[in-house]
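Take these sequences, add in the hints, and give me the full structure.
Protein chains in written order, with my numbering: chain A, 1 to 365; chain B, 1 to 365; chain C, 1 to 365; chain D, 1 to 365.
Any given hint could turn out to be false.
Here are the computed lysine to any residue pairs in the SDA-like style, where the Cα-Cα straight-line distance is at most 25 Å [as the list claims (entries may be wrong)]:
#  : chain 1 : residue 1 : chain 2 : residue 2
1  : D       : K66       : B       : P21
2  : C       : K99       : A       : L34
3  : A       : K250      : B       : K195
4  : A       : K270      : A       : S257
5  : A       : K250      : B       : V194
6  : C       : K195      : D       : Q254
7  : D       : K101      : C       : G267
8  : C       : K66       : A       : S18
9  : B       : K270      : A       : T307
10 : B       : K250      : A       : S154
11 : C       : K97       : C       : D201
12 : D       : K66       : B       : R64
13 : C       : K97       : C       : E313
By construction, these hints were calculated from the structure, which means they are not laboratory data.
Listed here are the chains, written in short residue letters.
There are 4 protein chains.
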Amino acid sequence: MAGDTFGRLFTVTTFGESHGPAMGCVVDGCPPGLGLAESDIQHDLDRRRPGRSRHVTQRKEPDRVKILSGIFEGVTTGTAIGLLVENVDQRSRDYSKIKDKFRPGHADYTYQRKYGIRDYRGGGRASARETVMRVAAGAIARKYLAERAGVSISGYLAELGPFELAAVNLGAVDDNAFFCADPGQLDALEDFMVKLRRAGDSIGARINVIASNVPPGLGEPVFDKIEADLAHALMSINAVKGVEFGDGFKCVRQRGSEHRDELTPDGFEKNSAGGTLGGISSGQDILVSIALKPTSSIQVPGRTVDTEGKAAEIVTTGRHDPCVGLRATPIAEAMVALTLMDHYLRHRAQNADVLEAEPGMASSV
Amino acid sequence: MAGDTFGRLFTVTTFGESHGPAMGCVVDGCPPGLGLAESDIQHDLDRRRPGRSRHVTQRKEPDRVKILSGIFEGVTTGTAIGLLVENVDQRSRDYSKIKDKFRPGHADYTYQRKYGIRDYRGGGRASARETVMRVAAGAIARKYLAERAGVSISGYLAELGPFELAAVNLGAVDDNAFFCADPGQLDALEDFMVKLRRAGDSIGARINVIASNVPPGLGEPVFDKIEADLAHALMSINAVKGVEFGDGFKCVRQRGSEHRDELTPDGFEKNSAGGTLGGISSGQDILVSIALKPTSSIQVPGRTVDTEGKAAEIVTTGRHDPCVGLRATPIAEAMVALTLMDHYLRHRAQNADVLEAEPGMASSV
Amino acid sequence: MAGDTFGRLFTVTTFGESHGPAMGCVVDGCPPGLGLAESDIQHDLDRRRPGRSRHVTQRKEPDRVKILSGIFEGVTTGTAIGLLVENVDQRSRDYSKIKDKFRPGHADYTYQRKYGIRDYRGGGRASARETVMRVAAGAIARKYLAERAGVSISGYLAELGPFELAAVNLGAVDDNAFFCADPGQLDALEDFMVKLRRAGDSIGARINVIASNVPPGLGEPVFDKIEADLAHALMSINAVKGVEFGDGFKCVRQRGSEHRDELTPDGFEKNSAGGTLGGISSGQDILVSIALKPTSSIQVPGRTVDTEGKAAEIVTTGRHDPCVGLRATPIAEAMVALTLMDHYLRHRAQNADVLEAEPGMASSV
Amino acid sequence: MAGDTFGRLFTVTTFGESHGPAMGCVVDGCPPGLGLAESDIQHDLDRRRPGRSRHVTQRKEPDRVKILSGIFEGVTTGTAIGLLVENVDQRSRDYSKIKDKFRPGHADYTYQRKYGIRDYRGGGRASARETVMRVAAGAIARKYLAERAGVSISGYLAELGPFELAAVNLGAVDDNAFFCADPGQLDALEDFMVKLRRAGDSIGARINVIASNVPPGLGEPVFDKIEADLAHALMSINAVKGVEFGDGFKCVRQRGSEHRDELTPDGFEKNSAGGTLGGISSGQDILVSIALKPTSSIQVPGRTVDTEGKAAEIVTTGRHDPCVGLRATPIAEAMVALTLMDHYLRHRAQNADVLEAEPGMASSV
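Printed below as a string of structure tokens:
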């Protein structure tokens with residue numbers, strides 16, 4: 001497969017370009033009997049939607065999802081679910097300035113080298129608009145996991161440039177357009193973003209995701225460890241340059257006696273490991289964190305070459321997010337949901353006999 | 001698949017436990033006509049082998065590889081390559097102390113929850129001994145990539161506990177048992193490790209890998225970005241808790257004008273991105289870095305529970321690496337080689353017409 | 001995956017039910033640079049379309065395909081191609097007669113057992129309407145194979161009930177609604193079908209497909225032999241109950257001295273094998289033949305049970321093909337095209353070095 | 001993957017050539033807790049073993065299987081199972097007569113075209129010796145299916161050249177070396193085979209396989225119908241040229257009113273469909289039949305070309321089965337077992353909720 005399919009058992013296959021008529025996907029392998037309406041998906045799409053604040057792209061996209069198949073009388077039938085989101089505001093502008101130049105930090109150069117052709121309108125397939133279908137598919141996975149296993153998945157903005165947003169008040173996340181769990185710092189963030197936009201520049205960010213009540217046993221021992229598949233999922237999001245679990249890179253300086261999570265009859269003492277042991281979920285919260293690079297589309301002029309290899313200058317105008325991290329939270333949550341859902345099905349495929357023999361096995365420690 | 005297969009086109013499927021009779025794998029999809037002898041693989045296995053210094057496990061394993069199929073008259077035939085490495089020193093000792101207890105930081109607890117059974121001898125399938133076949137298979141990928149595309153893949157120890165090993169003298173890496181590229185710090189490292197072992201404790205580490213002369217065009221646009229598949233590959237190595245590319249987590253604090261790699265007619269100005277754009281290799285060096293947690297098997301007593309949930313104390317004796325990072329360099333290199341090889345084949349499957357039309361396309365910028 | 005994706009490298013993932021708003025698919029892995037317009041696909045869809053004669057379902061479906069992504073300036077970009085065909089004539093009728101009964105020969109019973117729910121409107125996902133997207137995707141594969149490798153794929157009706165349509169005049173196939181290559185028997189066929197429809201009954205058929213100018217080397221040695229993957233492809237079409245290659249079941253009575261295709265400097269003497277040896281295409285024509293069972297929806301009353309297990313009688317009214325074989329030719333061709341295309345890419349992924357070393361290797365013997 | 005892996009969840013990956021040191025495989029995804037000893041596998045290997053009668057190859061192979069991993073204290077652990085069978089009688093003889101010639105009906109020509117190289121010793125990877133690992137892996141699948149679901153899988157020789165072996169006395173199958181269920185015809189078969197061997201010729205055969213007590217619900221609606229995956233599995237066996245289910249090619253001449261299997265409160269009236277509806281198992285017996293071509297290695301001289309394209313004559317001496325069908329029964333059974341096992345896991349992955357809700361759902365009608 002050419003990389004537009006994610007998952008082994010619960011799969012999502014996406015298509016669509018920034019300036020084409022529509023984005024779409026096929027969600028295959030969903031268990032039957034799950035109540036599902038467009039509004040269930042729409043809720044998550046609305047969280048990701050552009051235009052929620054003045055600090056993100058002003059592209060006007062209602063992002064209305066249509067379910068084209070796989071639902072009958074309000075529940076999933078077990079057959080393929082087709083989803084479609086039309087592009088409403090894909091207005092064509094003048095691309096003559098970027099048509100023959102490679103924008104630094106963008107996929108222009110690599111697409112040209114790989115395919116010998118590229119759709120230069122708005123980034124084509126490389127546009128972050130692609131992530132709309134990840135969120136749509138993720139909403140289905142999330143609903144199933146919540147209803148059948150009680151899993152909840154919550155993300156938040158943990159850092160933005162110089163700001164360490166250390167407080168974790170998950171209840172506050174959906175009350176602001178930054179997905180910030182540290183509301184005391186919102187004014188300062190707001191101020192920072194205003195100045196950044198005026199400077200025509202962009203900034204990096206860190207997003208944390210917590211998955212709670214994940215059943216123990218998800219993940220495979222060798223290549224498909226749950227962290228490995230989550231890392232794949234999260235690193236596939238545009239602009240992500242780093243992924244870490246639990247103590248992550250801090251492990252480098254830790255001693256074994258400091259790092260290990262001891263066990264008591266009441267459960268694990270702490271969670272340095274981020275919810276996995278030997279690549280398999282332990283029933284603790286899964287803690288994962290990603291780094292997003294600053295948006296490459298900025299108004300600060302930069303050097304580049306054109307398609308003939310000659311030196312050129314470039315300024316990226318247009319509608320861009322000055323911090324891709326600001327809208328990445330629902331996307332990261334969706335990728336975590338898709339990965340956990342896939343492994344939930346993989347686990348019961350192989351180990352249903354164990355689950356039957358010890359029903360409590362499915363709950364956390 | 002239950003996670004013992006890696007790759008889509010160039011695949012490796014492994015088996016074997018720490019205390020079973022042998023480790024083995026099947027390498028499928030290797031192009032025909034590649035000169036391959038056991039010595040080609042043995043070279044890489046010897047780099048990973050235990051017992052190279054007093055700071056790693058003293059298990060005595062010659063790790064002699066046998067090629068069982070797929071080679072005829074000294075070259076690959078294009079059919080499945082079977083590899084076998086016998087376990088020579090899998091001596092059984094008394095497991096009564098750990099048989100019924102979950103060692104903190106180990107996979108004991110999660111295997112028991114997932115499978116309802118676990119092979120408690122030496123960690124069974126969860127043992128890092130599993131990585132021997134990754135290195136064996138990786139040696140084949142590395143040889144093909146080197147011969148046909150000139151790719152070279154080099155790893156080194158970049159941090160160990162408090163030591164930042166900042167000098168990068170790749171020529172020195174194979175001259176010491178630490179895979180350290182900063183020979184000026186070897187004495188201090190040696191001293192640190194001696195004290196650590198006496199304390200019965202362990203330490204984390206960071207490994208960097210550089211892949212040079214990688215052709216542009218490797219990686220797929222959406223879910224199978226080259227970083228995503230590399231992250232999957234590297235995060236699947238035992239004890240890895242973080243992966244980052246190029247500037248990695250430093251991106252969080254960068255501005256776009258600072259991060260982006262500008263282009264000139266002589267190539268990219270720098271390499272903040274770590275060799276990829278839009279998930280596709282750019283022809284620059286691929287720069288990836290991983291964090292490894294400290295070994296969980298330490299002699300510092302710790303709290304745990306037994307299989308009946310009762311409180312217990314545990315001390316892990318036996319033959320263990322006090323820093324898994326010390327032997328991880330060849331393993332990380334192997335996983336990078338396997339991933340690049342797989343994408344090399346994937347790329348030419350889809351884009352052979354582009355490569356034919358512009359033969360220079362296969363070389364770097 | 002739950003079975004809605006076909007192929008490894010050139011993949012098609014479909015969705016849609018008979019009575020939903022639309023059928024659709026994602027074609028992934030198509031090489032870039034292929035000229036492609038909706039009209040290229042429409043041509044094949046028109047051949048499959050219902051309503052071409054009075055002997056097929058009278059459902060009125062224009063089957064207009066829309067390309068939603070993956071094309072830029074008239075050529076494929078190498079990214080996912082989204083295709084959509086709206087259902088225009090999915091009029092709801094009264095399903096109360098079949099809602100609670102299992103129609104014999106249909107998927108009603110097995111869907112209910114598998115999923116605990118079924119979409120009873122027009123067969124839902126089990127409707128042969130699903131094949132519209134196979135034909136759409138197949139048209140892309142066929143175009144690529146024709147343009148780059150000169151492959152041509154032609155099917156025809158070889159038997160219908162008692163009629164053995166032995167003459168093979170491929171030029172006549174598209175001149176009649178039966179895809180019959182034996183025009184001398186058309187009047188008799190026509191007469192037979194009129195009587196059959198009056199009797200409210202249905203009939204089986206055999207379809208042959210010939211793929212010419214297939215490059216040698218397609219197929220993998222063990223499990224993914226080219227015949228194995230073609231058998232999978234063709235047996236997945238609704239109503240197909242048998243697949244054979246070359247002499248097929250006649251082999252059972254043949255001696256080796258009679259069966260084997262001897263070689264001379266001018267090529268193979270004959271083609272008993274149907275174009276493959278050891279699971280790999282030989283460069284000869286690939287000859288494959290499928291048996292289709294008679295349509296299960298007939299007006300002859302039959303016995304069945306209802307969803308509570310009680311005895312019931314059933315008569316299937318509505319719009320049905322009295323011979324599914326009549327419209328199966330383009331579908332079978334499409335599945336052959338998809339399979340060959342996938343193996344074309346798989347072959348060059350692994351063996352591009354061989355193809356480069358001996359350019360003639362790609363042509364037939 | 002290059003075709004040496006079979007299955008999605010319960011996978012087998014094989015390697016090994018006729019004249020190499022060993023055959024082997026990795027069975028991945030087996031549920032934990034299954035009692036498994038080498039003797040369980042050996043039983044099936046002994047049924048396939050050469051030398052059971054004078055009518056098959058006289059190669060002396062004990063075919064002793066070794067389990068290298070995945071078993072602990074007598075039961076499967078859920079991790080990869082490595083199996084190895086050494087080649088004992090791979091004696092090298094003089095290959096100068098066939099080294100540079102393409103044997104008609106063999107894979108010599110196509111391997112040379114595909115890979116640019118071939119292992120000419122005994123057919124290399126194309127040898128039917130490859131099937132030994134299918135049988136070994138199939139034994140595990142068969143044991144699980146029998147113990148957990150009561151599935152039984154039985155094959156027999158249904159035709160051999162002119163003999164239609166119409167009686168089906170399954171109890172007699174293992175009492176003769178032909179796997180013949182019609183013992184009244186054994187003397188005539190014996191006589192026929194003696195004469196055939198004297199003539200240096202070979203003959204085709206048909207094998208039937210019956211899978212009983214298969215739970216309803218196995219198979220996926222669209223591309224991975226249970227028949228499609230079984231056809232793939234069976235057509236991948238060396239020499240198989242046709243596959244049919246239930247009435248198979250006889251459907252071509254049937255009317256719908258004759259073909260359909262009506263339902264009564266006591267179950268299905270008959271089984272024309274061969275145990276599936278809409279690609280999903282119905283709980284009836286799965287009935288599948290395959291055609292095997294006559295062995296290509298015969299002593300009747302034939303025409304061929306050498307590797308330079310010049311005309312040549314060829315006689316194949318050596319140790320060959322004059323009827324590959326004679327030893328194919330255990331192989332066909334194994335492929336059916338592997339396919340059903342894979343779909344058994346796939347089914348419960350997606351539909352465990354349905355199975356839980358209606359426990360009776362897992363049993364047949």
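How the hints compare with the structure:
no., hint, result
1, D:K66 - B:P21, "holds (10 Å)"
2, C:K99 - A:L34, "holds (21 Å)"
3, A:K250 - B:K195, "holds (21 Å)"
4, A:K270 - A:S257, "holds (13 Å)"
5, A:K250 - B:V194, "holds (22 Å)"
6, C:K195 - D:Q254, "holds (15 Å)"
7, D:K101 - C:G267, "holds (14 Å)"
8, C:K66 - A:S18, "holds (17 Å)"
9, B:K270 - A:T307, "holds (20 Å)"
10, B:K250 - A:S154, "holds (24 Å)"
11, C:K97 - C:D201, "holds (19 Å)"
12, D:K66 - B:R64, "holds (19 Å)"
13, C:K97 - C:E313, "holds (10 Å)"
The structure is consistent with each of the numbered hints, conforming to all of them.
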